[in-house]
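There are 2 protein chains.
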Amino acid sequence: MSSQIEIQRIEKSKIASVDFNNLPFGSVYSDHMLECNFKNGAWQTPVIKPFSPISLDPSSKIFHYGQSIFEGMKAYKDAENNTLLFRPLDNWKRLNKSAERLMIPQIPEEIFMEGLKALLKVDNDWIPTNEGSSLYIRPFMFATGSGFHASPANEYKFIIATAPSGAYFAGKVKVLIEEKYARAANGGVGYAKAGGNYAAQFYPTQLAMDKGYNQVIWTDDNTHQFIEEAGAMNIFIRINDTLITSPTSDRILDGITRKSILQIAEDAGIQTEVRKISVGEVVEAAKNGNLKEMFGAGTAAVISPIAGFGYQENDYELPVLENSFAAQLKKKITDIQTNKVADPYGWRIFV
Amino acid sequence: MSSQIEIQRIEKSKIASVDFNNLPFGSVYSDHMLECNFKNGAWQTPVIKPFSPISLDPSSKIFHYGQSIFEGMKAYKDAENNTLLFRPLDNWKRLNKSAERLMIPQIPEEIFMEGLKALLKVDNDWIPTNEGSSLYIRPFMFATGSGFHASPANEYKFIIATAPSGAYFAGKVKVLIEEKYARAANGGVGYAKAGGNYAAQFYPTQLAMDKGYNQVIWTDDNTHQFIEEAGAMNIFIRINDTLITSPTSDRILDGITRKSILQIAEDAGIQTEVRKISVGEVVEAAKNGNLKEMFGAGTAAVISPIAGFGYQENDYELPVLENSFAAQLKKKITDIQTNKVADPYGWRIFV
Ligand SMILES: Cc1ncc(COP(=O)(O)O)c(C=O)c1O
Ligand SMILES: Cc1ncc(COP(=O)(O)O)c(C=O)c1O
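Protein sequence lines, in the order shown, are assigned to chains L and D.
Residues in the first sequence are numbered consecutively from 1, following full-length UniProt numbering.
Residues in the second sequence are numbered consecutively from 1, following full-length UniProt numbering.
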């Protein structure tokens, strides 16, 4: 397979213009990208080529019917300058789960994995080595086929682009527990990384920001009584010494960080529970002092401690803990990702 | 305003290659399109130019976060070769309602209306004159601004493209009343013409097609007990001599055909009801013979009579009526649209 990837190198690298000590998140792009087109019922030869504009007909279905899915992953450097990926096959599987729901063709494992590895080799110098930075990887697929008729397209594009990136959130995160808007329907596409799920969150998130919050915690669309997840993170709640997270469902993304954290926590002897969490329970725990921590977990933000939350016009602050679960778990997962400790799970993959 | 539109004409029209007697729906495109870009916080000068590919950075948010909305309208020719639009300001208003929910900037009335009229003048010859055909008009807006960060873009594109089109559905429509999947969440974006709403319907629709149906009738995501709408049509149900349609909500598109049909029906002395319709009521009416008609109403399909529906593994057929409400109402609305009868409502606009 590897030999079947066509490589077109950039004439002059842009890397000298990048300040690796001050990286933003996801807005500086590496020299190359992988591109593979689906037409006549088959994926064509993948090409690694300069990160460059895509030309699309105005009738391409991506512009009209939202057939668009993506993934988010990271590549890390260890102390020996090896390149590491974290559970990349899980991203590939989830991309295909999203693809199935959005009627986008399945991407073969070889194109995804060999394409990604080849791209990381070509752009090896773009993988940041400093603490807290990484190469954010964005695989995505969308409909290029044409027609003003609401039906699946017959042509698609799969692209992997990368962006050397610093931290996702700067500082403390304050969240608002949503009571009116919703992210996902029962029987909908909430569990897929479908583009449309994200745009749908922007307006309610802006309303929350206008009130001084950074993020929305979504609740079920029917009763708004149960905690679901955040915009790009699953949510963990620590009540006394138990770490709780909502079960996944067709409304909630099955986060790779989430399931890794659950595993690491269990193995570290932390009591975990995967069950529905009512907002009432969280508010009650906040009031009586049993609510010790809340944090988001996701590839982009890794673990993002929540400093406080708003609900029904009230604000609740979380205590500041020494040796929090969030800090312990973040260190553990980051150490595994960057090859600082043993990986008993077989999660990391050398490129 | 009109004078501020820049016009770049195509060198050689493609019109001679089009068979206007055998038009598909929405897949043959006229020579020109209107394009207007939003950047630095403002809409730039609109340009009418050849219908031609759009070049976008791979990091454009349209590819990642689904910030994409559209409208669907039609232009008609009357017997004197005048060009007519049907309630176009309602499309403009709805586009801006969608825009607000998706955090896309509002498009000014002048750019939408004057741009559309100018485009229709430039491509006047593309407006079909034969019965049952029309020029399908597709205004759409999407995020062009860049970044692998789930937040609204800072640059957008507004385009109006057109396609001379024949009928949307060929033949009788059989529908399946959905029991598992859903189109929209409470507090979600179902009422917006957001791209993501359409891709989300493809998979369940394909499952229905595999069982021999053409379309899905969506029900509420919580109980699946109430009729909402179809993929691109609102639904009307005639029980005995009463014509019923669901109220609009944040899950249901406020269809322009729907509200026009309600008005025309009332003025024709047909008893109408806008209220929740339970699936049980429809099945019951089908069983005891009170269910006389079901039809979809939307710009693309105009009025699309439903021949039968499936629910819980059972199939129900609808009677074939002489002088059905569907036929009467379709004739009336089409006659208004094409200037064959008086328009007491002020719905049609001459270009
Ligand atoms: C909606 C949503 N939830 C949760 C997550 C976290 O998933 P993961 O840990 O696989 O990155 C993400 C980001 O990928 C997301 O977009
Ligand atoms: C989901 C949905 N419902 C209903 C309609 C019908 O609306 P209108 O009559 O304005 O075309 C459409 C098409 O525009 C639609 O996409």
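Each hint should be verified, as a subset may be incorrect.
As the list claims (entries may be wrong) - Ranges between beta-carbon positions, derived for each pair:
{"#": "1", "chain 1": "L", "residue 1": "T129", "chain 2": "D", "residue 2": "K121", "range": "56 to 62 Å"}
{"#": "2", "chain 1": "L", "residue 1": "E109", "chain 2": "D", "residue 2": "N323", "range": "58 to 64 Å"}
{"#": "3", "chain 1": "L", "residue 1": "K331", "chain 2": "D", "residue 2": "N40", "range": "51 to 57 Å"}
{"#": "4", "chain 1": "D", "residue 1": "F226", "chain 2": "L", "residue 2": "Y345", "range": "54 to 60 Å"}
{"#": "5", "chain 1": "D", "residue 1": "T129", "chain 2": "L", "residue 2": "I15", "range": "57 to 63 Å"}
Unchecked claim - Here are the computed lysine-lysine pairs in the DSSO-like style, where the Cα-Cα straight-line distance is at most 27 Å:
{"#": "6", "chain 1": "D", "residue 1": "K180", "chain 2": "L", "residue 2": "K97"}
{"#": "7", "chain 1": "L", "residue 1": "K93", "chain 2": "D", "residue 2": "K97"}
{"#": "8", "chain 1": "D", "residue 1": "K93", "chain 2": "L", "residue 2": "K180"}
{"#": "9", "chain 1": "D", "residue 1": "K14", "chain 2": "D", "residue 2": "K49"}
{"#": "10", "chain 1": "D", "residue 1": "K14", "chain 2": "L", "residue 2": "K180"}
{"#": "11", "chain 1": "L", "residue 1": "K97", "chain 2": "D", "residue 2": "K49"}
{"#": "12", "chain 1": "L", "residue 1": "K74", "chain 2": "L", "residue 2": "K97"}
{"#": "13", "chain 1": "D", "residue 1": "K97", "chain 2": "L", "residue 2": "K211"}
{"#": "14", "chain 1": "D", "residue 1": "K180", "chain 2": "L", "residue 2": "K276"}
What the hints assert, rightly or not - Sample of chain D residues lacking proximity to chain L, with all beta carbon distances greater than 12 Å (derived):
{"#": "15", "residue": "N40"}
{"#": "16", "residue": "P58"}
{"#": "17", "residue": "V320"}
{"#": "18", "residue": "E322"}
Since the hints were derived computationally from the structure, they do not count as laboratory data.
All residues carry an ideal CB built from backbone N, CA and C; glycine is no exception.
Quiz item: When you check the alpha-carbon spacing of K14 (chain D) and K180 (chain L), does it fall within 27 Å?
Solution: Not satisfied, since the Cα-Cα distance of roughly 50 Å exceeds 27 Å.
Quiz item: Between E109 (chain L) and N323 (chain D), does the beta-carbon spacing fit 58 to 64 Å?
Solution: Given range 58 to 64 Å: holds, Cβ gap about 59 Å.
Self-check item: Distal placement of E322 (chain D) relative to chain L, Cβ over 12 Å
Solution: holds, 32 Å
Quiz item: Taking 27 Å as the top limit, are the C-alpha atoms of K14 (chain D) and K49 (chain D) close enough?
Solution: Cα-Cα ~14 Å, so holds.
Practice problem: Quickly compare the C-alpha distance for K180 (chain D) and K97 (chain L) to 27 Å and report which way the hint goes. | Solution: holds, 18 Å
Exercise. With a cut-off of 27 Å on the C-alpha distance, tell me whether K97 (chain D) and K211 (chain L) pass.
Key: Between K97 (chain D) and K211 (chain L) the Cα gap is close to 22 Å, so the pair holds against 27 Å.
Quiz item: Hey, does P58 (chain D) actually stay past 12 Å from chain L on C-beta?
Solution: At roughly 5 Å from the nearest Cβ of chain L, P58 (chain D) sits no farther out than 12 Å, so the non-interface label is violated.
Quiz item: Between K97 (chain L) and K49 (chain D), does the CA-CA distance stay at or below 27 Å?
Solution: Measuring from Cα to Cα gives roughly 40 Å; hence the hint is violated.
Quiz prompt | K180 (chain D) paired with K276 (chain L) [C-alpha distance capped at 27 Å] | solution = This hinted pair holds, its Cα atoms lying about 21 Å apart.
Quiz prompt | Distance restraint hint 54 to 60 Å, applied to the beta-carbon atoms of F226 (chain D) and Y345 (chain L) | solution = violated, 46 Å
Practice problem: For the pair supplied as a hint, K93 (chain L) and K97 (chain D), confirm whether the alpha-carbon distance does not exceed 27 Å. | Solution: Violated, at about 36 Å.
Practice problem: Check the following: the C-beta atoms of K331 (chain L) and N40 (chain D) are separated by a distance inside 51 to 57 Å. | Solution: violated, 43 Å
Hints 3, 4, 7, 10, 11, 16 from the earlier list are contradicted by this structure; the remaining hints agree with it.
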